[in-house]
Structure formats: structure tokens, C-alpha cells
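*Asks:* Given next are the chains, with one letter for each unit.
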Amino acid sequence: MSQAFTKAMARNIFYGGSVFFFLLFLVLTFDTHTEWPNRDNHENLTGVVAEGKRLWEVNNCVGCHSLLGEGAYFAPELGNAFKRLGGKEGIKGFIASRPKEGIPGRRSMPQFNFSPQELEAISSFLEYVSGINTANWPPNIQG
Amino acid sequence: MQYKSQSVAKPYFIAAIGLFVAQILFGLIIGLQYVVGDFLFPEIPFNVARMVHTNLLIVWLLFGFMGAAYYLVPEEAERELFSPLLAHLMFWIFLIAGALTVLGYLLVPYATLAELTGNELLPTMGREFLEQPTITKIGIVIVALAFLFNIGMTVLKGRKTVVSLVLLIGLLGLAVFFLFSFYNPDNLVKDKYYWWWVVHLWVEGVWELILGSILAFVLIKTTGVDREVIEKWLYVIIAMTLITGIIGTGHHFYWIGAPEYWQWWGSIFSALEPIPFFMMTVFAFNMVNRRRRNHPNKAAVLWAMGTAVMAFLGAGVWGFMHTLAPVNYYTHGTQITAAHGHMAFYGAYVMIVLTMISYAMPMLRGREVAPSNRSQVLEMWSFWLMTVSMVFITLFLTGAGILQTYLQRYSDEPIPFMVAQDKIELFYVMREIAGVVFLIGLIIYIASFFVGSRDPEATVATADSA
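So the protein sequences, as listed, match chains Y and V. Mapping the first sequence onto our numbering, position 5 (from 1) lands on 331, and the numbers just tick up by one. Mapping the second sequence onto our numbering, position 237 (from 1) lands on 244, and the numbers just tick up by one.
Here chain Y stands alone, though its shape is the one from the complex (with noise of 0.2 Å):
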């Protein structure tokens, strides 16, 4: 690197970038705040969606699935499911027939012997996410 570019120079650009680049991203930080409530679907977060997130935490779901594209690719996505497996009875149904076993040769979901309120509460969990903007993301039903 030329000698007329200092190591000051070059400091200064860091600190003066760094700093400059961080405020724009809280600037647009804020300003998401501001549009979130027309695109995340909050009138439909009631307490049971609450409650299936934490289910959907607890069981590590995300460890094989994703969820709006995020997290493991292992099982299919599951910001859709609602809407691919035919609503929530769909996603009860499947949920709730995984054999304990597994099946031979094939990936299987584990039996996570889920009572009926949990299988509501994660069963509305996953319609609350299928009611998000995410602008038009999956591009198809299979997700």
C-alpha cells in the first residue's frame, strides 16, 4: 500500500466507518420497529401461541426443521406447514401418529407425546407464523 495512505489514515476510516455504519443500522433498526406491526401478525400472538413457541423451543424442532428458512435442513419447512398440511388438525394428525420406533431405513420425527392442549398450542404456534409478511417467501406450497 502506498506510502501517502497512512496507518492513521487508515485507522480513522475504521473507527469513523464502524461508528458511521453501526447508527445507520440502528437508524433502520428503529424504523423496522415502526413498520413491524402491519407485517408480523402480533393481533394473532395470543397466550397459546406463546406457549407453542415455547414447545417449539423446548423440543429443539429447529434442530431438524426449518422455520421461515432458518435452521436445519434435515425436515421440510415449517412457516407453510399450516397452510400445506391443511390447517392445524393436519398438523395435529401428523404430529401426534409419528411412530415411536422410527421407520426403518427413513428419517422420522421422534413421538414427543404431546397432550391435546399442547398439540393446540403448537398447532396454533405454526398458523400464527403462517399468518406473517414474508414477502411472498416460500415461492411455493412445498416450502
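Please note that the accuracy of each hint is not assured.
To be verified - BS3-like, lysine-lysine: derived pairs with alpha carbons at most 27 Å apart: (1) Y:Lys-414 <-> V:Lys-197; (2) V:Lys-164 <-> Y:Lys-333; (3) V:Lys-167 <-> V:Lys-228; (4) Y:Lys-333 <-> V:Lys-167; (5) V:Lys-144 <-> V:Lys-17; (6) V:Lys-239 <-> V:Lys-144; (7) V:Lys-197 <-> Y:Lys-409.
What the hints assert, rightly or not - Cβ-Cβ distance ranges computed for the label pairs, FRET-style: (8) V:Ile-450 <-> Y:Ala-334: 43 to 51 Å; (9) V:Ile-453 <-> Y:Gly-431: 33 to 41 Å; (10) Y:His-359 <-> V:Ser-418: 34 to 42 Å; (11) Y:Phe-346 <-> V:Leu-402: 34 to 42 Å; (12) Y:Asn-462 <-> V:Val-42: 27 to 35 Å.
Treat the hints as calculated values from the structure; they're not laboratory data. Ideal Cβ positions, reconstructed from N, Cα and C, are used throughout, including at glycine.
Based on these hints, arrange chain V on the given structure of chain Y.
*Replies:* Chain V in isolation, oriented as in the chain Y frame:
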């Protein structure tokens, strides 16, 4: 070794390598589960093994970063470490907490672990990479604070160099952004948005500062190039990292319910994210070309240059491949992401830790500057085996990802996820074979610490003839 207290780095490096081995074994388990779906089911389901694989990676890299800091900072500050005792104590706390957490993952169902550790008091578990029980997360914060205090006091009381300052900023950022792992609102959109403040601002932000400073340190030591030149490069590289990488976080906000302008901000800034990685490659090659001496530890120089190249390929090129919003619309959450994740983590962070270990371990084991010739030859074999097999793991996952994207997302008649998975199985078989070669490389790497350890130290002349 110039300062006695640098020796606290040694247990950190040994633990890092041990956990690295465990990480790869679990990687092979989940790789096999992609081919034989019911392998180890229901004893070790995929989600558990994957969590062990990714969490071990994070923990051993943190061990590596801490070991690197404990080795590098006294030498830069030109004084002994503030408190070697605190460093030893934190080592055992971190190791025991890490081991207990992994045992918890493996021995009880995850929901039971959440219950046992009181997750409902402050629910933070069950989010990708942040699966640790809340109490473990608190432990991580305590260890990080004690570590920062120790390193910070050493820098404060000694010579302040750009290398140690940048390392300190990076480590401070690591600790600060980890605090967002405690924020877990019921609103999924907000949860996801701030989850990235840990994950993205770590690996595409402050961790790159740690990477840059370790690389700069090893290049100063091995090439003998003037510190002023190297420090100027370091500033420019990390400036570009944060200028592009902070707003570049937006490439994660396209499809999670954030406003759609993030598609523009994210695409433009993250398209620039390869620049600092490319500069790092130019930097490393330039410094080695302008070297004032030949360092007898050729293996360490090889790792340093390998880091610069592979970080650019994995993070820069494979990241750019799917970062533009119109492309990401189709590739988001497919094996393309997995391909990028593997080469980026290996190229940037695994390799920089192995660079530092390669450079420092001979001194920590009582050598003058370098291992014996035989040992270095073996280490360089392991470099090539692991690096080339990681390239193939990435290529096979990329092939799988392109087909998956086409079959499930792009074609006129998209097919269901599991049907597409069956059709691309061949790529998973090939990935697993490449993974086995990686393990062989890792075994040879470990062997390189024992083979030729009684041989005389390599000199520039003998290393040249090898």
C-alpha cells in the same frame, strides 16, 4: 516463548483440539443420518447430534480464540499476563460447563434438560446455535468477562499495539453481542431479528476482527515484515469488514417479516462483504512475498496462507453466491446454505485457530521456534487432506443444494421436500465419504504432535529440502 505466563494457552489449545475431534465425529453421525435416515434413531436423533456438532464447534473455536489471546497478548504487551491463575480457573470452569452441557444434550431429552435447568424462568433455549441452557449462557458471560478483564488489564499495563487493540475490540464485541441471546420475545419476527445480532454480528462482524489480528500477529512473527505495514493492512481490512458487514446483516432480514427495503440494503452491502476477505488474501500473499526471512515453521505459514484463501472462498465467494435477494428467494434454507456454512467456518475460523496453534505450540512445548521436519511434513499432509476434503464437502452440498432448489422451488412442478431429498441422496453419500477423509486428515494432524517429537528442530535449510 518470551513470557512464562504465555504457557496458559497450552491447555486451551489442547481442549480445542479434543473438542474438534468430537465435533467431527458428530458431523459424521449426522452426515450418515442424511443417507441412512434411521441411524441411531431414536437414541440420538438428528436434532441432538446436530446441536452437539454445532455447539462443539462454537465452544472449541472460543477455546482457540482464548488460547490465542493468552499467547499473543503478553508478547504484544511485553509483560506477563495480568493473572495466570484466573486464566487457569476460567479454563476449568469453561471446560466443565461445556462438558456438562453436551452430556445434558446426549443423556436426557432436550425438553427435560430445559426443565431441569429452569428454562421457564428466563427462556433462551431451543434457538439454532443458542441451544445452551440459560445457566450455561450465564456461565459463558462470566467466563467471557473474566477473560476480558484479564486480557484488558494486561494490555492496559503494557505496550499497546494495533494487533492487541483490534483483538480486544473483537473480543469485547463478541461478549457484548452475545447478550442478545438472552432476548427471546414471543413475537417470532423480533426473536429472529435480534437472534442475528448474535449470529451475524459475530461471524460476519467482530469475529473477523479476531481473525484479522491473529493473522496479523502470525505474519509479523513469521515474515519479519515491518509491523507498521502489517498494522495498516489490518486497519483497512477490518474497516471494510464492518463497513460492509454491519448493514450486510440485512441479507438475513429478507424473508422473516422485516420491511422489504432490507432486500436492497442487504443485497448491496453483503455483495461487498467479499472485499475484506479478498484483501486478506492479497495481504497474506503480499507479506509472505516480501518476507525478510524464512521462518523454519513452514507449516504455520502454510496454515496462515490457507486461512486467507479458504476464508475468501468459503465466506466471500460461497457467501456471495446466494446473498442477492432474488437468488436467495430460491436458495434460502437449502443445502446451499449448508455448503456455505461449512467452508466459511472451516476457512475462516477453524483455520485461523489451527494457524495460531501451529505457530505457538512448538514454543509451548519447549522448542525454539519450530517442530521437527518429520512433524511438519505430517502436519502439512493433514492441512491438505482436511482442506481438500472440505472443498469436496462444500461442492457436494452445493450440488445437492442446486438440485434441491430446482426440484422443490424453481421447476414448473415443484415436488415435496422429502421426495426431493430422496432424489439427491447420491450427493449426501459423496459428502459423507469426503467427511471420512476429513477425519483421516484430523487423525494425521493429531499424530503430527507425536511423530518426530524427539527429532531435532527444523531449521530453514532442512525445512527447505523437505
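*Asks:* Are the hints correct? Go through all of them and say.
*Replies:* Verification of the hints:
| no. | hint | verdict |
| --- | --- | --- |
| 1 | Y:Lys-414 <-> V:Lys-197 | 24 Å, holds |
| 2 | V:Lys-164 <-> Y:Lys-333 | 23 Å, holds |
| 3 | V:Lys-167 <-> V:Lys-228 | 17 Å, holds |
| 4 | Y:Lys-333 <-> V:Lys-167 | 15 Å, holds |
| 5 | V:Lys-144 <-> V:Lys-17 | 25 Å, holds |
| 6 | V:Lys-239 <-> V:Lys-144 | 36 Å, violated |
| 7 | V:Lys-197 <-> Y:Lys-409 | 23 Å, holds |
| 8 | V:Ile-450 <-> Y:Ala-334: 43 to 51 Å | 48 Å, holds |
| 9 | V:Ile-453 <-> Y:Gly-431: 33 to 41 Å | 34 Å, holds |
| 10 | Y:His-359 <-> V:Ser-418: 34 to 42 Å | 38 Å, holds |
| 11 | Y:Phe-346 <-> V:Leu-402: 34 to 42 Å | 38 Å, holds |
| 12 | Y:Asn-462 <-> V:Val-42: 27 to 35 Å | 34 Å, holds |
When held up to the earlier numbered hints, the structure conflicts with hint 6 and nothing else.
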